[in-house]
Amino acid sequence: NIVVFGNPIFYHWAGRPPASLYFHYPAYLAASLLGADSDQDITRALGDERTAVVLVARKYLEERLSPAISSALWQHWTPAALFSYPYQRDVFLFLPNSEQPIAADEGFLAGFDQGVTLQHVEAIRGGNRAVLVALTWVAEEPLTRDYAVFVHALGNAGGVVGQHDGIPENGFRPTSSWQVGETITDWHWIELPDGADLTSLQLNIGMYRTEDGQRLHLRDELSGVDSFNYSDVRIVE
1 NIVVFGNPIF YHWAGRPPAS LYFHYPAYLA ASLLGADSDQ DITRALGDER
51 TAVVLVARKY LEERLSPAIS SALWQHWTPA ALFSYPYQRD VFLFLPNSEQ
101 PIAADEGFLA GFDQGVTLQH VEAIRGGNRA VLVALTWVAE EPLTRDYAVF
151 VHALGNAGGV VGQHDGIPEN GFRPTSSWQV GETITDWHWI ELPDGADLTS
201 LQLNIGMYRT EDGQRLHLRD ELSGVDSFNY SDVRIVE
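Residue numbering for the sequence shown follows our numbering, beginning at 1 and increasing consecutively.
Just to be clear, a hint being listed does not mean it is correct.
As the list claims (entries may be wrong) - Beta-carbon label-pair distances, calculated as ranges: (1) 67 x 225: 41 to 47 Å; (2) 179 x 41: 30 to 36 Å; (3) 108 x 34: 46 to 52 Å; (4) 219 x 67: 21 to 27 Å; (5) 225 x 125: 26 to 32 Å; (6) 52 x 108: 27 to 33 Å; (7) 67 x 130: 30 to 36 Å.
If you're looking for bench data, these hints aren't it; they were derived computationally from the structure.
Where is the CB? At the ideal position from N, CA and C, for every residue including glycine.
Make a model of the complete structure from these sequences and hints.
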């Protein structure tokens, strides 16, 4: 099942068939006689294991969803991608929390300055020309600054063929909000050119200060390396 909170014109713009579960959720619904029943139906759908994807327009997320629905959304779902949809302030793709790829104590890939550790990388195919990359981070000490994450997809010749930069969890978890020892699963949607060879894909991953672009360096690197190259990319279909 797919649950969508948004205006019906979304389907026209996306060129997609209607979702299996669709909630228009107008502004007056919460205060109407149907409000309580609607909350129950929607929260039940958000907790249903058959629901695979949730799409939420930013306008709904910021203004319309009731506290019960918002609580159920954040309890079961994680924002994985952001798509341009000016009509309703863009659309967020949420994936189940249960799909977070790894626990913090089960892996280690790279340690950055400021006590930031990259624990795991997971790549999921998002259609023919897109890859959804999940990064698992842990902060080993408090972070007082906000850093953006960059993920560069590298082609056979080593050049960048696609990238995504952004505040972790599509803006919802800036690094200054991270708690020491907390596991952060941070998703990045990367569009690739036609004919891109996903079998040889490599990822270049790092962080930079939002105010001036200064990158964090890897710890214990004498050469001043400011990104981590991940070549063991296995695409999950």
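Verification of the supplied hints:
| no. | hint | verdict |
| --- | --- | --- |
| 1 | 67 x 225: 41 to 47 Å | holds (45 Å) |
| 2 | 179 x 41: 30 to 36 Å | holds (34 Å) |
| 3 | 108 x 34: 46 to 52 Å | holds (50 Å) |
| 4 | 219 x 67: 21 to 27 Å | violated (42 Å) |
| 5 | 225 x 125: 26 to 32 Å | holds (29 Å) |
| 6 | 52 x 108: 27 to 33 Å | holds (30 Å) |
| 7 | 67 x 130: 30 to 36 Å | holds (34 Å) |
In summary, the one numbered hint that this structure violates is 4.
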